[in-house]
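Protein sequences appear in the order of chains A and B.
With my numbering applied, the first sequence covers 204 to 647.
With my numbering applied, the second sequence covers 114 to 475.
Relax, there's no trap hidden among the hints.
Computed beta-carbon distance windows for the label pairs: (1) 224(B) - 208(A): 50 to 56 Å; (2) 599(A) - 137(B): 40 to 46 Å; (3) 219(A) - 257(B): 42 to 48 Å; (4) 375(A) - 137(B): 52 to 58 Å; (5) 442(A) - 162(B): 25 to 31 Å; (6) 162(B) - 600(A): 43 to 49 Å; (7) 600(A) - 128(B): 38 to 44 Å; (8) 224(B) - 226(A): 53 to 59 Å; (9) 308(B) - 572(A): 22 to 28 Å; (10) 462(B) - 390(A): 51 to 57 Å.
Some chain B residues well away from chain A (every beta-carbon gap over 12 Å; in silico): (11) 165; (12) 298; (13) 464.
Chain B regions said to be covered by chain A (calculated; three or more residues, Cβ under 8 Å): (14) 192 to 205; (15) 270 to 276; (16) 406 to 417; (17) 430 to 443.
Please keep in mind that the hints were generated in silico from the structure rather than gathered at the bench.
Every residue, glycine too, gets a C-beta built ideally from N, C-alpha and C.
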Amino acid sequence: MTALATLHAAVDRHDRLARADDAFAALNARAGGRHGALLAIPQVAALARLSRRLRILVSRAVTIADGDRDLDCWVKAIPDESGVALTVSLLRERDAGHARVGAATLSEVTAPEDAEWTWEVNSELRVTRLSLDTAARLGLDPAAALGRPLSRLFVLESDGDGTMPLLDALTERRDFADQPARLHGGGPRMTLAAHVRLNAGGGFGGFVGGAYAAAPQPAAPQLRPLDHRLDTLLRGALARIIANADEISAAGDGPLDSHYADYAADIAGAGRHLLGLIDDLVDLEAIERDDFVTERAPVDLADVARRAAALLAPRAAEAGVTIDRSGCAGELVALGEFRRMLQVAVNLIANAVRYAPRDSAIVLALRREGMRALLTVADAGEGIAAVDQTRIFGKFERVDPGEPGGSGLGLYIARRLAEAMGGTLTVDSAPGEGARFTLALPAG
Amino acid sequence: MPAQPSQAIDSDLAARVAAQAATADSRARARLSAAIADVFADERDRLDERSRVAINRLAETTVAAIEHDIAGHAARLLEARGFPDAAALLAGNRAMTLPRLIESGLMRDAEVMGEMIAQARVDLIDEALAAQRAPGSTAALLAGLAESADGVVRGRALTYLVADSRRRLAHADRRAELPGALHERLAWWVAAALRERLGHGVPPEVDRALSEATQRSIAAHDDGERVEAAAVQLAAAIDPVAGALPQLMIDSLEEARTSLFVALLAHALAIEFAEARGLALDAESDRLWLALRALGIERHLLAQIGFVLCEADRARDVETLPESLERVATIAPETAARAVAPLTLHRDFRAAVRALARSPRA
Numbered sequence: 204m205t206a207l208a209t210l211h212a213a214v215d216r217h218d219r220l221a222r223a224d225d226a227f228a229a230l231n232a233r234a235g236g237r238h239g240a241l242l243a244i245p246q247v248a249a250l251a252r253l254s255r256r257l258r259i260l261v262s263r264a265v266t267i268a269d270g271d272r273d274l275d276c277w278v279k280a281i282p283d284e285s286g287v288a289l290t291v292s293l294l295r296e297r298d299a300g301h302a303r304v305g306a307a308t309l310s311e312v313t314a315p316e317d318a319e320w321t322w323e324v325n326s327e328l329r330v331t332r333l334s335l336d337t338a339a340r341l342g343l344d345p346a347a348a349l350g351r352p353l354s355r356l357f358v359l360e361s362d363g364d365g366t367m368p369l370l371d372a373l374t375e376r377r378d379f380a381d382q383p384a385r386l387h388g389g390g391p392r393m394t395l396a397a398h399v400r401l402n403a404g405g406g407f408g409g410f411v412g413g414a415y416a417a418a419p420q421p422a423a424p425q426l427r428p429l430d431h432r433l434d435t436l437l438r439g440a441l442a443r444i445i446a447n448a449d450e451i452s453a454a455g456d457g458p459l460d461s462h463y464a465d466y467a468a469d470i471a472g473a474g475r476h477l478l479g480l481i482d483d484l485v486d487l488e489a490i491e492r493d494d495f496v497t498e499r500a501p502v503d504l505a506d507v508a509r510r511a512a513a514l515l516a517p518r519a520a521e522a523g524v525t526i527d528r529s530g531c532a533g534e535l536v537a538l539g540e541f542r543r544m545l546q547v548a549v550n551l552i553a554n555a556v557r558y559a560p561r562d563s564a565i566v567l568a569l570r571r572e573g574m575r576a577l578l579t580v581a582d583a584g585e586g587i588a589a590v591d592q593t594r595i596f597g598k599f600e601r602v603d604p605g606e607p608g609g610s611g612l613g614l615y616i617a618r619r620l621a622e623a624m625g626g627t628l629t630v631d632s633a634p635g636e637g638a639r640f641t642l643a644l645p646a647g
Numbered sequence: 114m115p116a117q118p119s120q121a122i123d124s125d126l127a128a129r130v131a132a133q134a135a136t137a138d139s140r141a142r143a144r145l146s147a148a149i150a151d152v153f154a155d156e157r158d159r160l161d162e163r164s165r166v167a168i169n170r171l172a173e174t175t176v177a178a179i180e181h182d183i184a185g186h187a188a189r190l191l192e193a194r195g196f197p198d199a200a201a202l203l204a205g206n207r208a209m210t211l212p213r214l215i216e217s218g219l220m221r222d223a224e225v226m227g228e229m230i231a232q233a234r235v236d237l238i239d240e241a242l243a244a245q246r247a248p249g250s251t252a253a254l255l256a257g258l259a260e261s262a263d264g265v266v267r268g269r270a271l272t273y274l275v276a277d278s279r280r281r282l283a284h285a286d287r288r289a290e291l292p293g294a295l296h297e298r299l300a301w302w303v304a305a306a307l308r309e310r311l312g313h314g315v316p317p318e319v320d321r322a323l324s325e326a327t328q329r330s331i332a333a334h335d336d337g338e339r340v341e342a343a344a345v346q347l348a349a350a351i352d353p354v355a356g357a358l359p360q361l362m363i364d365s366l367e368e369a370r371t372s373l374f375v376a377l378l379a380h381a382l383a384i385e386f387a388e389a390r391g392l393a394l395d396a397e398s399d400r401l402w403l404a405l406r407a408l409g410i411e412r413h414l415l416a417q418i419g420f421v422l423c424e425a426d427r428a429r430d431v432e433t434l435p436e437s438l439e440r441v442a443t444i445a446p447e448t449a450a451r452a453v454a455p456l457t458l459h460r461d462f463r464a465a466v467r468a469l470a471r472s473p474r475a
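Pulled out of the complex, with its shape left as it was, chain A reads as follows:
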């Protein structure tokens, strides 16, 4: 890193600017100060005062606003007989308002995801951290690596283009991936990836890295299928689209050609469908993670069924279908997470509403069988052929592939949730005889 410039100045015992080089004088003048007056750059003035009072050299990272530029600096204040001498090293300048590079230092820097094991080095590329269990497994002596240069741990190799991703990243203070390496003293080939850590001045402060088994396709840091920023972004946009389309469709701003109102209703409908799909994808991402867990609290499954039925009552009424809840009067305690149970129940009943013929009933039934609490949702639809009964629980599968709407994730997610709660989700059906979906959970 080359310093852009170093500015020098000194203040007297009353914190007034006693001397300054041209660059500092100009910077101070642009902030409204002048020779002989108090320093006009507040952060530098504060440090000068502190140094005078502590009577020692003090230094810290400071950002100085200079017109429409922000200057990231490292300021040193050294007290002497006549006052305080100041050195301002410009580390970088950037447009005002742009996040300071060094801001990343205080937030947590984590190793790339899915690494087999992790390591960290400081600004001198000395190893400061190592996942110890792996070290033991690889026959590595952590004591031989910790505190030592990274080159004592890994032998870095150039990649296909003859470059060293780690070295490039070091110069440019950025993350890297796909750095081929071997363990020092032999061992299998591997690939390294790391996130950069910056110091207070925005300079290179080290890497937080991971090691991956070298595969034909080196495992670079992976993006999660739907990270929450994307989630928020999409939801926000869709919510606006739906709200505007609903507004148009309701003709709130005055009379509207009925075609346009219908288009708007279609747009809102499509928006809701996409929102539902995002919900499903977020769930999918969550349940497919290794560390996905559900709570296991005693929950009244009958209450869950009643609530789910109540939620879907309007949709059932629209479809001309009744939901028979007479089987959910009592209490049946199951172990699991209320929210997830409700999600499964809503999914099952919504499916039933979708496939039940007009004027038929969907019957909810509850019973306890040994150590299990069961909720059954039965419809009088066309039923599902035996060959399809496994398929419908697959990812992106539908009960009726020709039928529009739905993401094809509902039953897949419902079954995974049931399993996560220590239960099962099964179907019992034959063509022409409707379908019975049964959620079985550990009884409480």
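Following the hints, position chain B against chain A.
Below, chain B without anything else, positioned relative to chain A:
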């Protein structure tokens, strides 16, 4: 004939509405008293958001790790002994017990939480120390010690590096390193909470499995592996002469090894690590400066240590440091030593003195 809305459902609904109203009412009262406590809390006693998050996270991961060990082992025992249902319930779940330990008030234990809070604060100070290092500066203290010609220092420096590396795992894997007695206390709490989650009428075999698994977790805990033990050992091995101590302390801080700083302080004052850490984390009083003064450390070195620490610890205000130093620097080391002398007393005696001081004489 479609079923009529049964009376059972109605009365059930009424009971639930009443219960919900009662819960909401008591929640509202609890919220109000928390709000009142918050309004009148002394600004100096209040945690900043970052510390709160760090402490919560550490408590969460620590309890979850103990729970994982106990539930996992108990599940294996029960599986082998023919209780697959209880085994599945224990094996399939994680993070069940902390909410219960919080709700029951057990987590308010001053010793357990005091330890977690102290360790979380040390973590935050270490992070800040690493982040505020001057551009281009090098951190060579530990690297140097690890290559020391003195075999004892070299060995203990390496042990410390390994322990510190374990302590500084990524936040998701990091857990508090509790002293044995506190680990034991927490382990039994977790076992009790797990037992409760299994419902009424737990068969004796389940109790036995939980008990065996807990004893196993307690037995596996090794106080000597904790970073503070390694730091204490290293400080004792270095056994710095008085003249070398201040620079070693400054170097430890600049290298973001607060635990070594604390161990050096403890060694020099001949007090326990926890007491020295208490001094280092006490941002309110001049006790740390007094302790350093008791060691005969000169004002300019005191100022250097103070500046680095104040910059890294958000609980400290660097602007008040110069006045504190003025006050302390005029005190003779012998006088300052008297202020920290009680810390050198026997641990139980100290605890008794403090306990007595909490209830004023009639």
